[in-house]
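Each chain, letter by letter, is given below.
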Amino acid sequence: MARTPATSRRSLLFGTAAVSAGALLTACTSNEPTNREGAADKAAPVADDKPGKPVTIGFAGPQADHGWLNAINDNAKSRAKKYSDVTLEITEGSNDTAQQIGQIQTLINKKVDVLVILPADGKALTQVGLQAMRAGIPVVNLDRVFASQQAYRCWIGGDNYGMGLNAGHYIGEQLKGTKNAKVVELAGLDNLELTQQRTKGFNDALKNYPNIKKVARQAADFTVESGQAKMAQLLQAQSSFDALWNHDDDQGVGALRAIDQAGRDDFLMVGGAGAKSAMDAIKAGNSVLKATVLYPPTMAASAIDLARALGQGKGVGGLAEFEIPSSLTLYSAVVTKDNVDQYLPTGFI
Amino acid sequence: MTQPATAAQQEAPTSAAKSAGEQESSRRPGLRWDVRTLSLLGVLAVLVAVGGITAPDQFLATSNLQLVLTQASVIGVVTVGMTFVITSGGIDLSVGAMVALASVWATTVATQEFGFAGILFTAVIVGVGCGLVNGLLIAYGRMVPFIATLAMLASARGLALQITDGSTQVVTVPSVLDLGARDAYILGIPPLVLIFAAVTVIGWLLLNRTTFGRRTVAVGGNAEAARLAGIDVRRQRLYLYLLSGLCCGIAAFMLIVLSGSGQNTNGNLYELDAIAAAIIGGTLLSGGRGTIIGSVLGVLVFTTITNIFALNNLETAVQQIAKGAIIVAAVLVQRRSMRGGDA
Amino acid sequence: MAPQPPLLTMSGITKSFPGVRALDGVDLEVQAGEVHCLLGQNGAGKSTLIKVLAGAHQPDSGEITWRGERVTLGSPVAAMRLGIATIYQELDLIEGLSVAENVFLGHEPTSAGFVVRGSAARTATAELLKRLGHSEIDPTTLVGELSAAQQQIVSMARALSHEVRLIVMDEPSAALDPEEVDNLFRIVGDLTADGVAVIYISHRLEEIRRIGDRVTVLKEGRSVAGGLPAESTPTDEVVALMTGRNVEYVFPERPKGGFAEGREPVLKVEGLTRRGEFAPVDLELRPGEIVGLAGLVGSGRSEILETIYGARKPDGGRVLVDGTPLRPGSVRAAVRAGIGLAPEERKAQGLLMLESVSSNVSVSTLSRFARAGWLDRRAERAAAHQAVRELSLRPDNPDAAIRTLSGGNQQKAVLARWLLRGCKVLLLDEPTRGVDIGARAELYAVIRRLADEGLAVLLVSSEVPEVLGLADRVLVLREGSVVHTADARELDEHRVLDLVMEGSLTP
Numbered sequence: 001m002a003r004t005p006a007t008s009r010r011s012l013l014f015g016t017a018a019v020s021a022g023a024l025l026t027a028c029t030s031n032e033p034t035n036r037e038g039a040a041d042k043a044a045p046v047a048d049d050k051p052g053k054p055v056t057i058g059f060a061g062p063q064a065d066h067g068w069l070n071a072i073n074d075n076a077k078s079r080a081k082k083y084s085d086v087t088l089e090i091t092e093g094s095n096d097t098a099q100q101i102g103q104i105q106t107l108i109n110k111k112v113d114v115l116v117i118l119p120a121d122g123k124a125l126t127q128v129g130l131q132a133m134r135a136g137i138p139v140v141n142l143d144r145v146f147a148s149q150q151a152y153r154c155w156i157g158g159d160n161y162g163m164g165l166n167a168g169h170y171i172g173e174q175l176k177g178t179k180n181a182k183v184v185e186l187a188g189l190d191n192l193e194l195t196q197q198r199t200k201g202f203n204d205a206l207k208n209y210p211n212i213k214k215v216a217r218q219a220a221d222f223t224v225e226s227g228q229a230k231m232a233q234l235l236q237a238q239s240s241f242d243a244l245w246n247h248d249d250d251q252g253v254g255a256l257r258a259i260d261q262a263g264r265d266d267f268l269m270v271g272g273a274g275a276k277s278a279m280d281a282i283k284a285g286n287s288v289l290k291a292t293v294l295y296p297p298t299m300a301a302s303a304i305d306l307a308r309a310l311g312q313g314k315g316v317g318g319l320a321e322f323e324i325p326s327s328l329t330l331y332s333a334v335v336t337k338d339n340v341d342q343y344l345p346t347g348f349i
Numbered sequence: 001m002t003q004p005a006t007a008a009q010q011e012a013p014t015s016a017a018k019s020a021g022e023q024e025s026s027r028r029p030g031l032r033w034d035v036r037t038l039s040l041l042g043v044l045a046v047l048v049a050v051g052g053i054t055a056p057d058q059f060l061a062t063s064n065l066q067l068v069l070t071q072a073s074v075i076g077v078v079t080v081g082m083t084f085v086i087t088s089g090g091i092d093l094s095v096g097a098m099v100a101l102a103s104v105w106a107t108t109v110a111t112q113e114f115g116f117a118g119i120l121f122t123a124v125i126v127g128v129g130c131g132l133v134n135g136l137l138i139a140y141g142r143m144v145p146f147i148a149t150l151a152m153l154a155s156a157r158g159l160a161l162q163i164t165d166g167s168t169q170v171v172t173v174p175s176v177l178d179l180g181a182r183d184a185y186i187l188g189i190p191p192l193v194l195i196f197a198a199v200t201v202i203g204w205l206l207l208n209r210t211t212f213g214r215r216t217v218a219v220g221g222n223a224e225a226a227r228l229a230g231i232d233v234r235r236q237r238l239y240l241y242l243l244s245g246l247c248c249g250i251a252a253f254m255l256i257v258l259s260g261s262g263q264n265t266n267g268n269l270y271e272l273d274a275i276a277a278a279i280i281g282g283t284l285l286s287g288g289r290g291t292i293i294g295s296v297l298g299v300l301v302f303t304t305i306t307n308i309f310a311l312n313n314l315e316t317a318v319q320q321i322a323k324g325a326i327i328v329a330a331v332l333v334q335r336r337s338m339r340g341g342d343a
Numbered sequence: 001m002a003p004q005p006p007l008l009t010m011s012g013i014t015k016s017f018p019g020v021r022a023l024d025g026v027d028l029e030v031q032a033g034e035v036h037c038l039l040g041q042n043g044a045g046k047s048t049l050i051k052v053l054a055g056a057h058q059p060d061s062g063e064i065t066w067r068g069e070r071v072t073l074g075s076p077v078a079a080m081r082l083g084i085a086t087i088y089q090e091l092d093l094i095e096g097l098s099v100a101e102n103v104f105l106g107h108e109p110t111s112a113g114f115v116v117r118g119s120a121a122r123t124a125t126a127e128l129l130k131r132l133g134h135s136e137i138d139p140t141t142l143v144g145e146l147s148a149a150q151q152q153i154v155s156m157a158r159a160l161s162h163e164v165r166l167i168v169m170d171e172p173s174a175a176l177d178p179e180e181v182d183n184l185f186r187i188v189g190d191l192t193a194d195g196v197a198v199i200y201i202s203h204r205l206e207e208i209r210r211i212g213d214r215v216t217v218l219k220e221g222r223s224v225a226g227g228l229p230a231e232s233t234p235t236d237e238v239v240a241l242m243t244g245r246n247v248e249y250v251f252p253e254r255p256k257g258g259f260a261e262g263r264e265p266v267l268k269v270e271g272l273t274r275r276g277e278f279a280p281v282d283l284e285l286r287p288g289e290i291v292g293l294a295g296l297v298g299s300g301r302s303e304i305l306e307t308i309y310g311a312r313k314p315d316g317g318r319v320l321v322d323g324t325p326l327r328p329g330s331v332r333a334a335v336r337a338g339i340g341l342a343p344e345e346r347k348a349q350g351l352l353m354l355e356s357v358s359s360n361v362s363v364s365t366l367s368r369f370a371r372a373g374w375l376d377r378r379a380e381r382a383a384a385h386q387a388v389r390e391l392s393l394r395p396d397n398p399d400a401a402i403r404t405l406s407g408g409n410q411q412k413a414v415l416a417r418w419l420l421r422g423c424k425v426l427l428l429d430e431p432t433r434g435v436d437i438g439a440r441a442e443l444y445a446v447i448r449r450l451a452d453e454g455l456a457v458l459l460v461s462s463e464v465p466e467v468l469g470l471a472d473r474v475l476v477l478r479e480g481s482v483v484h485t486a487d488a489r490e491l492d493e494h495r496v497l498d499l500v501m502e503g504s505l506t507p
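Residue numbers (UniProt numbering), protein chains in the order written: chain S, 1 to 349; chain C, 1 to 343; chain D, 1 to 507.
The hints are simulated quantities; they were obtained by calculation from the structure and are not laboratory data.
Think of the CB as a built atom: it goes at the ideal place given N, C-alpha and C, for glycine as much as any other residue.
Mixed in with the good hints there might be a few duds.
List time: in silico BS3-like cross-link candidates among lysine-lysine, alpha-carbon distance up to 30 Å [unchecked claim]:
(1) Lys213(S) x Lys323(C)
(2) Lys276(S) x Lys176(S)
(3) Lys182(S) x Lys323(C)
Not the full set, but computed from the structure, chain C residues with beta-carbon under 10 Å of chain S [what the hints assert, rightly or not]:
(4) Ser63
(5) Gln71
(6) Gly166
(7) Ser167
(8) Asp183
(9) Gly260
(10) Ala310
(11) Glu315
What the simulated footprint calls covered on chain S by chain C, stretch by stretch (three residues with Cβ under 8 Å from a Cβ of chain C suffice, anywhere in the stretch; the number is not a length) [what the hints assert, rightly or not]:
(12) 223–230
(13) 236–246
(14) 260–266
With the sequences and hints as input, model every part of the structure.
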């Protein structure tokens, strides 16, 4: 889970956001997918691109109420379109557990060959995962993990602990020569486990650098508004520090605004998740934002690949085993000015 | 059998004593207001002392005063509108959603093409439009304010989500962004704080010095009596929700300036913050009494608490617990001091 | 009165509310400069009539003529523009606003149309208060901090702040001390001397004789007499007009051999008092006896009942059941000791309107049907059914929704609740309010049967014949004091009305 139910919860009340209206979104649907498709190709080439046995993949995700989840859907769709042997049955996203269960049961009844499920709530949807598995439909569990291993054949998802770890190591290396370096953390929504994992990874990484001390941590809630408010307070509290890790690029928009308003540029900032705006800023190199740690939405494309391999009874390339692994944790790469061009197409809006 | 004459004699002294006692208290008009406001000022003073002791260098800096006031300005403007609605015996649960909708509508690519004026105009019009719908539903559709504004909360949030599809709409209009920048300060006062101050002053005058304010209090105090006094209660209610919408539109514009973006998650839980600030400020939730100064003090208390916690690097969990405790404490202090005033 | 065209003529005014015909053909004629008194029992339609006159209610039919022209009083503003001001009995002031703000509410002196000129309002208010003989009231005081009498003065100042030709005063003396009443009469005299007409509503005949010019009597929504001379019409005639009835009530027979004489009283009230509501009250209630409290609204009847029940905390005195004093101000203690109350506002205070008959009946006895918190719903329903059957409640269905029942049957459900609980003392506050005339006889029979079975009943009713017909003994209340106690058979309606209306002033 890259970002937060704070927004998704709400949509539980507000029904479905259908297709977009704004000009920004037109851009999103018309231009982006082709780019993303290419990027996913480079990032994770599949062993077998030749058409094989036809596979119907059912895809059920939460409501795409923010950029990262939107990107998940786009990645899944464009990846499936690429294969002539894959038919994608995609449900309308929902954050209502009961509704999502219903959607998945419909897919089970339709007897799809493989299911890809990004549950709104992993624990609450475990039973329906079990149902699918018992019905003989292999389940690829995307990102938010089910409570039981029996509920999925394969799990693929991001690494929140790794995000923190890599952010910490990047900052550690950058500040290697600095004595008594001070670091500040702007966390995401504090009542989410993922936020705690990110912080733990970050702390663990910093232990390797005795010259660095984390002097402050405040939690925002993944929104621009909260990012601005909390960052402004942090800047007031800490008159000087050397590096900042911000868990989420969306709240980072607000954080950058606060930094700009305070007129501060005496530190380096590392973001999280991999929004396009953040990558643009890294590429431009004219702000404190020097890097961002990925939580790649391309995992949806990989999930389609895994589902197709499962449906066709094949393994994945590059591994000695006949079977695909039961679990795949993605690497949270650090995007810097040096490699930003490579990742820019995967940046989400 | 009691003798009638005796009964009359017994009655008379009691009621005379009673009215004498009440006359005495009536010679101190407005005392309760002062006590309530003073006790809130006291709470604020205690907070300032705590801030000054725990984080002396940062808390007492001019830049921190600017920061606190800026952070208070957006919710402050919303709270001024909310104060009017609550004073009239109503409630507006849709303020946060209206801020969200106005902020995203005003930051679409299409709107941004019209520059500063386009963004300001759209934010205000969207706020007023939502307020108009609220007002019509409540005043003429006879809907309960709680339900009507809850419906608006749902619809406006939904529409905001639909417009953005969850993405953050970054503002690229320089004149809007500049308004939130440090060099836009006028005599060291951030423009957003000036807007907040202006809204506060206008709100105070409106509530205390105009027929509109008088009628707002009357409708909240006793709607039937207000009607019998010749006040068009329904039209008054319409105007009140319109006013709340207008404040939300202004707040949305301020939030755009502050955060440099529009997002459908903006204004999250503003309704609760605004209601809480108004209530601890001394506005009666049941209507009939309202104070703009109290509401603004309430907002400042909340913002100062948040500021002190952030400066001392306290955890979110601790912040939430303490915030709840301080709400209760502030209200209890007021009760106590009011009782003292009565005695 | 010099003969001149009347200031106001109302003719054939009717007004219905759902289920009630409040006005059923009222005629009223008021001359400029006169004090015209409106008389009538509670529910005769006085309040509705003055609300029509104030533009707050629209009549269903009838004509209103003002200074020779036919008018429609479409809103309170329309009435005020004509110069009609109303001082309501239920004070219609806003407590959170100051005196001056209340006086000028709705017609504030302004600059630029909306900025209130507060000082102008305060000065004008101070002048009005001075004219009313109450210059000690500070125009900046919040009305909520004033006494009831002072609020009455503010209401009057508000009426006078308009250009008035007619002032309607609904029981203006109810909240006033004797000296204040004198002051009020002085004001009324000044007004009429200036040619302003006053419609004066009061229950006190003595007042009407002092300041009234003419009297119009209302009964059951109709004007039964108009333009009677206030000074010379005999009290007998006025009371007869007010009380004359078309329907004879059928009351159950009282048991032979006296009412439970010689039995120990089950309820004893000793010196019970609440300041401002009622003076010390003593009474005894024996099993099998019905005692009635007669008096006007505001005489303290309901307050006494509610204080016995523990819903109000007494300032002095005590309540004993079977010789054991109850904890004062505790409903729980009263209910445990076996006291039950059927409140005046049945729908608001007595019934769970959305629930069934069965749950309404069992609500005070729930623990009897519960095991570890789980309700035995079958037992609950059966017991409730038994109780309502004993009172021959219609329909004979404990699952019927209470709101679908008639007023009389709703009242029976309330009685059944206490029957089921097995209480010893039943306090009935206006048990027949909202009950059809036809259904009343049945309700009376039920109440009498409960008494015969050993219950002690304390009955409050504003309908004097009801108290006289049903009760064994009657206590007459006036302004919070018991002014007379007698065997019900020794009293008649005229005597009671005489006592409650004039009390101390007739020898």
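Self-check item: Hint check, Gly260(C) versus chain S [nearest Cβ-Cβ separation less than 10 Å]
Solution: Result: holds, 4 Å to nearest chain S Cβ.
Self-check item: Agreement of hint Gly166(C) with chain S interface, Cβ distance less than 10 Å
Solution: holds, 3 Å
Quiz item: Count the residues of the segment 223–230 of chain S with a beta-carbon closer than 8 Å to any beta-carbon of chain C: does the count reach three?
Solution: holds (count 8)
Quiz item: Do at least three Cβ atoms from the segment 236–246 of chain S come closer than 8 Å to Cβ atoms of chain C?
Solution: holds (count 3)
Practice problem: So, Ser167(C) near chain S? Judge it on the closest CB pair being under 10 Å. | Solution: Since the shortest Cβ distance to chain S is 5 Å, the answer is holds.
Quiz item: Under the criterion of a CB-CB separation shorter than 10 Å, is Gln71(C) in contact with chain S as hinted?
Solution: Nearest chain S Cβ about 6 Å off; hint holds.
Quiz item: Would the hint on Glu315(C) stand, with a C-beta cut-off of 10 Å toward chain S?
Solution: holds, 7 Å
Quiz item: Measuring from the C-beta of Ser63(C) to each C-beta in chain S, is the shortest one below 10 Å?
Solution: At about 6 Å, which falls below the 10 Å cut-off, the nearest Cβ of chain S leaves the hint on Ser63(C) intact, so it holds.
Quiz item: Hey, Lys276(S) versus Lys176(S), does the alpha-carbon distance stay inside 30 Å?
Solution: holds, 29 Å
Quiz item: Taking 30 Å as the top limit, are the C-alpha atoms of Lys213(S) and Lys323(C) close enough?
Solution: holds, 29 Å
Quiz item: Taking a Cβ-Cβ distance under 8 Å as contact, does the segment 260–266 of chain S have three or more residues in contact with chain C?
Solution: Holds, because 4 residues of the segment 260–266 of chain S bring their Cβ atoms closer than 8 Å to Cβ atoms of chain C.
Quiz item: Against chain S, is Ala310(C) within 10 Å by beta-carbon distance?
Solution: This interface hint holds because 3 Å falls under the 10 Å limit.
Of the hints listed earlier, there is not a single one the structure fails to meet.
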